[in-house]
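Residue numbers 430 to 1165, in my numbering, belong to the letters of the sequence shown in order.
There may be inaccurate statements among the hints.
[Said to hold, decoys possible] Using 20 Å as the maximum straight-line C-alpha spacing, the simulated SDA-like pairs for lysine to any residue come out as follows:
1) K507 - R484
2) K550 - K507
3) K507 - T532
4) K747 - T758
[Unchecked claim] If you anchor each label on the Cβ, the simulated ranges turn out as follows:
5) D831 - R853: 30 to 40 Å
6) K1073 - S1138: 26 to 36 Å
7) K1073 - F1041: 54 to 64 Å
8) D785 - G925: 55 to 65 Å
These are calculated hints, taken from the structure and not from any lab test.
Ideal Cβ positions, reconstructed from N, Cα and C, are used throughout, including at glycine.
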Amino acid sequence: MIPSIVCEQLQRGLTEYLKTTFPISSEVFAGCIDRFLDARSMFKGPYVTLRMPFREAARENPWFEALELPFAPYLHQKRAFDRLAGEAPRSTLVATGTGSGKTECFLYPLLEHCWRHRGEKGIKALLIYPMNALATDQARRIAGLIYRNAKLKGNVVAGKYTGDSGPGASRGMGEQELITDREMLRQNPPDILLTNYKMLDYLLIRSDDFPLWSKNGPETLKYIVVDEFHTFDGAQGTDLACLLRRLKKRLEIPEGFLCCVGTSATLGDAQSQTEMVAFASEVFGEPFPEDAVIGEQRQTADEFLRGTEIQYTALPDKKALSEIANAMTSGSERDFIRLASLRWFGDATLGDDDNDARVRELMGERLRGHYFFHELLRALEGGASSYEELLAELSRRNRILDFYSKPDRHLLLLSLIGLVSYARILQVHVQIWFRELRRLLGKVDPEKPDLALSDDLTEGERGQYLPVVNCRDCGVTGWVSMMSDSFNTQIIDLRGFYEDFFSSSRHTAYFFPVSEKRAQEDPDRGGYLCPRCLKWNEAPVCSGCGNSKTVPVLLERPNAEGGEEKSTTYCPICGSRGGMTLIGAQNSTLISAGISELFASRFNDDKKLLAFSDSVQDASHRAGFFNARTWRFNLRLAIQQYLKTAGADKSISDFTTEFVEDWERRMTLEDFAATFIAPNMTWFRDFEHLLEHGKFPSASEQTDRLLQSIRSRMRLEALYEYGFNCRIGRTLEKSG
């Protein structure tokens, strides 16, 4: 992945998503979304961090007999081994960043302890995870370590006991799996048990699980490890503290005998460390001294660059940057690497070499030899910085940047960071933050009705704003409110407004800005909205406050006259029954659009995603929502790719048929089904078999029926895309 370029594509994609989702035809509101986005009201960042390598210790191994260290340990790993290995390990908090080898910090001492006490019955180490996914990932790593070590294999047993254990559970250890069969774990308790804190509660109270602890004496369990310890705050931390006390009481563990380990994200200042130590002592019920926290130690820029000579000083010129920009937007990753290496180092052959490892190594050497790379590292010095702040610091250090325009300086930085990402000599982290557009309001103004989030407005400013509606069919845009019998439209309580609006209240009133002439020509609907007190008037001068600078509008009250109740999606201008919507977008919608951009990028070769949610219910809902949305976005991408390569000048009938056949030829049947099956078709039994075993059952009529259903659905969706759905949402026609 080239994160600097992917981040640009993500921001541009979300911007285009908003513009195409809300097509504005009303002249007064023209450009309001652009102005809102240009004011950086939605996006924050990007922020870039170049993580320096960790400092290494000497390659020695005084800690372990059963394990050989295949690497020189980092300094923080050495400190962890010093504390956790041996017969008198000390409770420790490992607070280091991603990719720092946190797991090895506790896992190697833990495995060594179990090997030294091989043959002794009972659980010797308990590993607690906040999520099953983390436990499963760690289980594979532990299984591999034990399987490939002749001393550990057959002498150290590990098992995983979580809620996802079911049919097909493993009854023995393998290269990639631990024991997960519950009955087997009860009959022969493992040396190492992986679980989560909720399941630990069941393990302490269910009679069926009593045998799991039956082999444990007071001094059998030595290690308790809590992964991602910082996530156990609030009620979860209290639950965990109670569970650990119950466990120690149940097993009659002597005070001070346990070695407790918590892994955490990187901590900030000394105050944060002090607070974490106190928190750990409370949760584990064991003493943690001040020196129990092990943080990461990284090289400085000078240490990393020591011994390198400056060989390159030239920077890409304006023409070269324009070429690089074209490669970023319409080229492939290889096109970008070839062109960027040519413009930065005068050599395009790097991008023509098929040996990626050799290319990355050469790229790293050349980057180390470029003076601007040195300046970049010293400007960042391991910290995070926005592009604007970083460019300002680089400009202060290098006056040559004064000859570049702001967009060109931006491209200069993006291309260099892109080469660093490709070379993989440093960890490149790029973050971008965006806000959900909930409670988005528009200023009542005859000339410039700017959009703003309610949270960004003062109480006085909020009195000049109303929610904004847009029809995706005709594009008409206007303000909406609840109008009282005295014609007042000011909103005191936004929550109350939304409740009334979505229940199709008879007080719902739309105000569509028009010319004064149009307002006067339509006496039944024409009127004037006062931007000062938000009162609707029949005359140009406000009867409430005397303001003469009112906004000519057409008033529509679709439910005021009684009769058939019209929904909130009904457009009173064009009559569309599904076109009207409030301008705005919440997290789920924006994230789903962002996921599509990430997965469609040619600069993202590692298509993986983690999406976090505050609650299990939200996570369950969003998983289905993201799946449905991204499926449609990906299908549109597949349609467009076929159209560009072979789909031009065909009838719609031939196009929809050959589009499906083309994609089926490119993939195996399993990949074809997994890629294009609709979210509401995953109930097919043979698809469930595919998910579990990675292939279809042989000679199955159900498989043929499934594939035929997928083909039919793809043809139908392609027809919809160019038919009656072509103007609804972010379609191929609207997004170009």
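- Could you check the structure against the hints above and give me the numbers of any it violates, in ascending order? 2 and 7
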